[in-house]
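Enquirer: Here is how the chains run, residue by residue.
There are 4 protein chains.
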Amino acid sequence: MLGTGLIGLFYTRTLHGRRGRDRVHVVYSRTAERAEAFAHENGVPNASTDLEQAIAHPETDVVVVGLPNDVHEQAIELCARHGKAILCTKPLARNADEAKRILDTVEAAGLFGGYLEDLAYTPKTLKAVQAVHAGQIGDVTWARSRETHPGPHSAWFWDRRQAGGGAIVDLGCHCIEIVRGFMGKGNRPLEVFAWIDTLVHPIEAEDNAVCLIRFESGALGQFEVSWTFRGGMDLRDEVAGTEGTIWTNHFLRTGFEMFSSGESGGYVAEKAETTSGWLFPVGDELSELGYVDMFDDMFGALDEGRAPRETFYDGYVVNAVMDACYASGASGKWEPVRIADWRGGTTERIARGRRERDGKTVIKEEQMPDGRRKLILKDEASGDFSDVVAGV
Amino acid sequence: MLGTGLIGLFYTRTLHGRRGRDRVHVVYSRTAERAEAFAHENGVPNASTDLEQAIAHPETDVVVVGLPNDVHEQAIELCARHGKAILCTKPLARNADEAKRILDTVEAAGLFGGYLEDLAYTPKTLKAVQAVHAGQIGDVTWARSRETHPGPHSAWFWDRRQAGGGAIVDLGCHCIEIVRGFMGKGNRPLEVFAWIDTLVHPIEAEDNAVCLIRFESGALGQFEVSWTFRGGMDLRDEVAGTEGTIWTNHFLRTGFEMFSSGESGGYVAEKAETTSGWLFPVGDELSELGYVDMFDDMFGALDEGRAPRETFYDGYVVNAVMDACYASGASGKWEPVRIADWRGGTTERIARGRRERDGKTVIKEEQMPDGRRKLILKDEASGDFSDVVAGV
Amino acid sequence: MLGTGLIGLFYTRTLHGRRGRDRVHVVYSRTAERAEAFAHENGVPNASTDLEQAIAHPETDVVVVGLPNDVHEQAIELCARHGKAILCTKPLARNADEAKRILDTVEAAGLFGGYLEDLAYTPKTLKAVQAVHAGQIGDVTWARSRETHPGPHSAWFWDRRQAGGGAIVDLGCHCIEIVRGFMGKGNRPLEVFAWIDTLVHPIEAEDNAVCLIRFESGALGQFEVSWTFRGGMDLRDEVAGTEGTIWTNHFLRTGFEMFSSGESGGYVAEKAETTSGWLFPVGDELSELGYVDMFDDMFGALDEGRAPRETFYDGYVVNAVMDACYASGASGKWEPVRIADWRGGTTERIARGRRERDGKTVIKEEQMPDGRRKLILKDEASGDFSDVVAGV
Amino acid sequence: MLGTGLIGLFYTRTLHGRRGRDRVHVVYSRTAERAEAFAHENGVPNASTDLEQAIAHPETDVVVVGLPNDVHEQAIELCARHGKAILCTKPLARNADEAKRILDTVEAAGLFGGYLEDLAYTPKTLKAVQAVHAGQIGDVTWARSRETHPGPHSAWFWDRRQAGGGAIVDLGCHCIEIVRGFMGKGNRPLEVFAWIDTLVHPIEAEDNAVCLIRFESGALGQFEVSWTFRGGMDLRDEVAGTEGTIWTNHFLRTGFEMFSSGESGGYVAEKAETTSGWLFPVGDELSELGYVDMFDDMFGALDEGRAPRETFYDGYVVNAVMDACYASGASGKWEPVRIADWRGGTTERIARGRRERDGKTVIKEEQMPDGRRKLILKDEASGDFSDVVAGV
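Residue numbers (our numbering), protein chains in the order written: chain A, 1 to 392; chain B, 1 to 392; chain C, 1 to 392; chain D, 1 to 392.
Hints should not be assumed to be uniformly reliable.
It does not matter which identical chain is used: a pair holds within one copy or between any two.
What the hints assert, rightly or not - Below are the SDA-like pairs computed for lysine to any residue, each with C-alpha atoms no more than 25 Å apart in a straight line:
hint	residue 1	residue 2
1	K360	R161
2	K333	T198
3	K374	R161
4	K374	R13
5	K100	A301
6	K374	E41
7	K100	G83
8	K185	R338
9	K333	D197
10	K374	V71
11	K100	R357
12	K100	D139
13	K374	Q162
14	K84	T198
15	K374	V129
16	K360	L6
None of these hints come from the bench; they were simulated from the model.
Using the sequences and the hints given, assemble the complete structure.
Expert: This is the structure in structure tokens:
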């Protein structure tokens, strides 16, 4: 386990939680104090401040990279040198070039590279993606992923040099992969438009962004990220299809509501703003935010010799989309997503149905408040539209 | 009452509902059959198929225009000629040029022009706007308005020639005015970006669009419209501010939930898709969708000689924003909103706060899961960010 | 308008609100100061501290009784003496004997007696009752009405001598009438069981109660009232039927959600506990809590010479049910509801369906997770139950 | 694993799911066909139709009893004879006498007895109970647990002889233990009142019941069970405390909402009624319904030599409460809960606070709509209550 920040803690608690088989054997941190405290609190036998030593440790089968974005490449190179399987936190890198080098390094070394995109693994997302791919909502026309909170927990996130960007790099990477999951991973993200601004915080990186992604099928992906949201952590996804709709809410409205006058304190949930008034805790954050299913897939894939759901290639695509977002933020227009080796094939455009009646195109058929049925027809020759009201 | 479509019916039921003082005296429709049926069903004493006659009728003090978009200008010119006060349904016109001519005609004649934008008047919206302007959520940074359903009720909506466009003209006009309400009407909409597509229906007009509006304060307005949504009518607004958040839901989740096995039928709500399974009716559509408060404001303004909340000038601004949406949809980049005579003054950019501690900029202060407090500081000289963890 | 408390204010604002025809001409309060302040603030031309004078005032057509419970009888007797139509707030009286005397007085005088049970008139309740009576959820088997908040606004509510009881009299009267609406008013409440306790406040009256009402159809009504609820005002109803379910929420979750860091104050909603954190305002309290539709029905009934939805007889039945609650609280067993002249006829017991297959009773038919269909059958001769799994 | 019904399947999937250490080695069913099919589908190495053989199997360390209620005692006696640790599904027995014999048998044999009450282990319930015990909602005054659906999956549930009862035994056992969790397990259930009826199904067992439980602290537990609910599976809990409120929803409203026009099928969730229209799936049923945390606690307790959260003694208390429910259903009055050896100690009554001001008892302090503060005071000598309105 490389890194002892919040993400390292969540990863370790997930691995050690419940009746799991998998254990953290070595933990690395830049400072001895944090490495040892973390090891002690989480029952990890070895602590180290030497990155290579931690990676090369004989007890280490798999390296989990939970470090700041600017250190991913170095850590993964060391993993490749020592032939260790790698699980890397999101985003894979600060930009697509860096991500591509990481991808090439790991593929050249023939190593396992799992991309730890937890929100692609929440139980709701997994089931929703399954429903979409089973056709339950028809062709996807639009997907929205929203991830906002009042700002990240560690200093390096706020430093554009270390992180590679601001709210897009921190939160948008989740959204992009959630949206790709609904669109189908073979559905190529063609171009991107982004509004990017720094409205509230005294930083250079963006604290708010809204980005649109045009996919090859014609469908639109949309994501909204913010480091200035008030009220907790807002994680919501919406999918529209030709035959249905899906809404998932991962945090603020999950069927757990509590009011407290505030006579007592205590930790409520990640990024909750208050400990009194109406509160919206999450039952089991590690499970509901996807950590449990993510590691299950990763270690299962390792054991079975198959690729996990989220690979380093996916991480590279995410970085390519984010690069296009920043390009669009600067140019004010759609910017192409530059992916060096697209592996997803091609996707046909959403088919527009056309039904006829009496030689005219049926535009709509519906029930009126008074019970009558109304038909809206189009005469393709004249271009005229007409209402035809039928009896009850 | 000009027009006997769904909107004319809603207007008339609102005016005649409850203990109201105001009555519809004349109803106009293109066909005698519909005019008479409408008059009979709604207790209207006079029915006419002659537009000018209906307007000029001696019992007519106020003309309510509930006609297709392409007939607004003609009807309003007739009103001006006969010196009648005018309430016109949304949108005011098919484009900004037409809207400007209408505005000029009415202002030149010195007549009352009320813009019937019902969704700016829903009780939730009124209270939310009041909360925003009272400062309860600080400076608004972002507002989203979403209006989607499976497509409109009358043929002319689908005909781009008559309507002036598709889902943007039908639904976006609501969203723009809702967003302007939250932003403050003096906050100028500077430029617009739009994704526009026809994904499902066999028509030329757009059936899906997502549009972004940059306001002078730096805040972003965002709206999503669709004629292909499945599941009913989705009317939701979200506002983010530096000190708070507002979410309103006008239709599908309003605290009224019903499951029916479907043994019995009956009208559930406007644009509901089914009459069995889980249904989400609205208590009183006319009140909750703003019709009651809208006419209260309009007739109150007439009586008191003041301007209503929503004027023809507002209608013109909405058309100008929509024109910019279509321009952006074609150009693929931000397009300026061209408003001939901006009456709203100027708005300052959202202020970015900056707090110091030990000579450094405080980026964030937060509570850790273990109860400790963490401070994130920035050294403005070096540009470095650092974490400082304080005791419990 | 007799009374200048919160209820008098709500009534007056409703009557004067929007484009209404009806006006308050005289207001009565025990103190001149309050009467005059109220008259001034609400545009009422006459203020009085003389109850009989206010009632007998020549401008008074209809008397609205918004006084403490112990003064209803006296006020209504004065109305009867002066031949005025009467609208009386809930509950009608402190107990069934007092209610019966009031009812007899008004009926003997041949006067209009409207029972101002606002929560029977909320738009959601009206539509839900309509759906129930249209058969959309089949036979009602159970209805729950819950009304809880942190305690009433005026001193007299807390005084059992003046109010006639505690939370049951204050809140249960609403619940009973809501439940009766769903059950059908002809469905006789036969007996009642109640748990009653004073858990938190230093008073003699109950601050918490849960009561069950057995109706003639076999259905169960259930209500929960509390003066110790934390988090605002919780008004929810649930109805279960053989073919469906209805849930209504009138206050805390109505599709209007707001987070405020609390930098600014302001009134949020009746009985809200805080002005920061997550808040749940109601769009338009007067409309959503039923006041508008209630007065519409009352004045409409007066104009049309018909009975309103809620009459003094209904108020008497409510008092009879509450008396049975107190009797049961004391005896710890079911207590009969004693209604002197039941006017509702008789209601048959909910019919239990029975379907046969292969000579056995079909108990259930369902789909298994794996897609197969399972039938549960009962052999009436042996009393044995068996599973029969059919193919997919 | 004894039993191959739905519960046996859920248990086995939980144990085999994710990266667990624990495996099912032997499965027992009455018919060889089902035993073998289950073993095959779930990767269980041994299948048996001989109960004792399955229990005595050398690979069996722990026996999981997932059999009909009338076979629990026999199975557990066999476990005791063979000295195996036992995990028994809920309810422990058909009545308290049977439960007491089971408890005595296991305790006499000195064996581990874990009571598989999954809903006491849902992540939301665990966190809510923790919040309650941390004092975040003050003293609990009331708790409601509701569990309703359209009826159980297997024939034996419907047979009162095998099950010991109807909806109370099937569903109420969950509710009782959820309520006890919130009240504190040391808080003795003193007496019970129950309404019990068979309204819809052609069976002898009850298909609907509402039960009240008086605890020693004065708090009221309340549960509602039904086999006639329409709309899916309704699992909701509510807790009221002197300082707060908790609402949990385990099934129909958990932040996962889907509309499908129904063009495609597929299993949505346990006891969902439809596969089209608005659907409310659960992300991960096994985790969100408590199975994962339950087995984690059970096997953890076994490994660590401690008692699990839910023991056979708890199961016995649940049966004692249910016996009192049936007694009360017959007698129509409160019936005592007869527990032979209460191990929970005593609990004090909820304390009623009392604050003074100017020699009077403060009943309430609140903010008026106009911003003023109102104090309600009681003069203990005269018993009079008065309003005192203070300035803004």
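Enquirer: Now tell me if each hint is right for this structure.
Expert: Taking the hints in turn, this is what the structure says about them:
{"no.": "1", "hint": "K360 with R161", "result": "between (60 Å within a copy, 18 Å between copies)"}
{"no.": "2", "hint": "K333 with T198", "result": "both (19 Å within a copy, 20 Å between copies)"}
{"no.": "3", "hint": "K374 with R161", "result": "between (60 Å within a copy, 22 Å between copies)"}
{"no.": "4", "hint": "K374 with R13", "result": "between (58 Å within a copy, 21 Å between copies)"}
{"no.": "5", "hint": "K100 with A301", "result": "within (22 Å within a copy, 48 Å between copies)"}
{"no.": "6", "hint": "K374 with E41", "result": "between (68 Å within a copy, 19 Å between copies)"}
{"no.": "7", "hint": "K100 with G83", "result": "within (19 Å within a copy, 60 Å between copies)"}
{"no.": "8", "hint": "K185 with R338", "result": "within (16 Å within a copy, 40 Å between copies)"}
{"no.": "9", "hint": "K333 with D197", "result": "both (15 Å within a copy, 17 Å between copies)"}
{"no.": "10", "hint": "K374 with V71", "result": "between (63 Å within a copy, 23 Å between copies)"}
{"no.": "11", "hint": "K100 with R357", "result": "neither (54 Å within a copy, 40 Å between copies)"}
{"no.": "12", "hint": "K100 with D139", "result": "neither (31 Å within a copy, 41 Å between copies)"}
{"no.": "13", "hint": "K374 with Q162", "result": "between (60 Å within a copy, 19 Å between copies)"}
{"no.": "14", "hint": "K84 with T198", "result": "neither (40 Å within a copy, 49 Å between copies)"}
{"no.": "15", "hint": "K374 with V129", "result": "neither (35 Å within a copy, 29 Å between copies)"}
{"no.": "16", "hint": "K360 with L6", "result": "between (61 Å within a copy, 24 Å between copies)"}
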